[in-house]
Amino acid sequence: MKALKIATFNINGIRSRLPALLAWLEREQPDIACLQELKAADQQFPRAELEAAGYGSLHHGQPSWNGVAILVRGSDPLEVRRGLPGMEEDGQSRYLEAAAHGVLVACLYLPNGNPQPGPKFDYKLHWFECLIKHARSLYESGHPTLLAGDFNVVPTDMDIYNPRSWMKDALLQPESRACYQRLLDQGWLDAIRHLYPDERVYTFWDYFRNHWARNAGLRIDHLLLNPELAPYLKRAGVDAWVRNEAKASDHAPVWIELGTRRARS
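Using the working numbering, the first residue of the sequence shown is number 1, and each one after it goes up by one.
For the record, the hints were derived by calculation from the structure and aren't laboratory data.
Among the hints, a few may not be true.
Said to hold, decoys possible - Have a look at the derived ranges for each label pair, beta carbon to beta carbon:
id	residue 1	residue 2	range
1	G86	A23	22 to 28 Å
2	K133	M158	24 to 30 Å
3	K2	E129	32 to 38 Å
4	Y161	V80	33 to 39 Å
5	L78	D206	32 to 38 Å
6	K168	E129	19 to 25 Å
7	R262	A23	32 to 38 Å
8	L78	D185	37 to 43 Å
9	R164	E88	19 to 25 Å
10	K120	D198	32 to 38 Å
11	A263	S75	25 to 31 Å
12	P115	R164	16 to 22 Å
Even for Gly, the Cβ is constructed at its ideal location relative to N, Cα and C.
Construct all of the structure, not just a fragment, from the sequences and the given hints.
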């Protein structure tokens, strides 16, 4: 296994936050970066600017909403799949798979699901079911694989500053949490929770009600590793400094570092 740093970042508008994205890439230099919420059509994607920064890219966009991309430092990612199996008729750009540096990376932006109950929450659960089914096939492939992105799920009460304030939100509903747990039950490893089992780690701070200044955060951006990849996990963290920058996304990048050797059991 090659030593790698892999990150996921809900950029919340790649055109308006391109300077912030480029600054983060230059400072942190992830080998692979998964982006969500591009909010840009494919022809608006800043491929040239990213190439100038040393990153090849794949993108799956749509005007104004959603959109995912995979960036690879020093080379071009090899596209494997565009769109989630089972959601072929869906017009929302939320899923992209690519191979890079010997790893299969699935970049995903799971539906928010609000308001719930209602059709948006039903769509979220249907999308989740399709993901669970496809994740099983990826898990069984035996290839080093990573599920990375904004899952729009707060897995447990430890992953939020105050669950009472969000009890009616789709991110905390029992059905959402149960779907996420079913992924873990397949055997996927939640990198952040594995390395920080007793710590509150946040990846999202709402723009409203001074959430960032109060560190009133949620953990909804996740990196899940299959058994072929998990033994190489060395470190993980959140680049919270990005959230403090001017005109920041309401998310911060989450990252893992993989070593060249398997960790001792």
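Here is what the structure says about each hint:
1. At about 37 Å, the beta-carbon gap between G86 and A23 misses the expected band of 22 to 28 Å.
2. Distance hint check: the CB atoms of K133 and M158 are about 28 Å apart, consistent with the given range 24 to 30 Å.
3. For the pair K2 and E129, the beta carbons lie near 34 Å from each other, so the given range of 32 to 38 Å is met.
4. The hint said 33 to 39 Å for the Cβ distance between Y161 and V80, and at roughly 37 Å that hint holds.
5. A hinted range of 32 to 38 Å holds for the C-beta pair L78 and D206, which are about 36 Å apart.
6. Under the hint 19 to 25 Å, the C-beta atoms of K168 and E129, about 22 Å apart, fit the expected range.
7. In this structure, R262 and A23 meet the distance hint of 32 to 38 Å, their C-beta atoms being roughly 34 Å apart.
8. A C-beta distance of roughly 30 Å is found between L78 and D185, which places it outside the suggested range of 37 to 43 Å.
9. Our hint of 19 to 25 Å for R164 and E88 is violated, since their Cβ atoms are close to 40 Å apart.
10. Under the hint 32 to 38 Å, the C-beta atoms of K120 and D198, about 34 Å apart, fit the expected range.
11. Checked against the hint of 25 to 31 Å, the pair A263 and S75 passes, with Cβ atoms roughly 26 Å apart.
12. Between P115 and R164 the Cβ separation comes to about 18 Å, which falls inside the hinted range of 16 to 22 Å.
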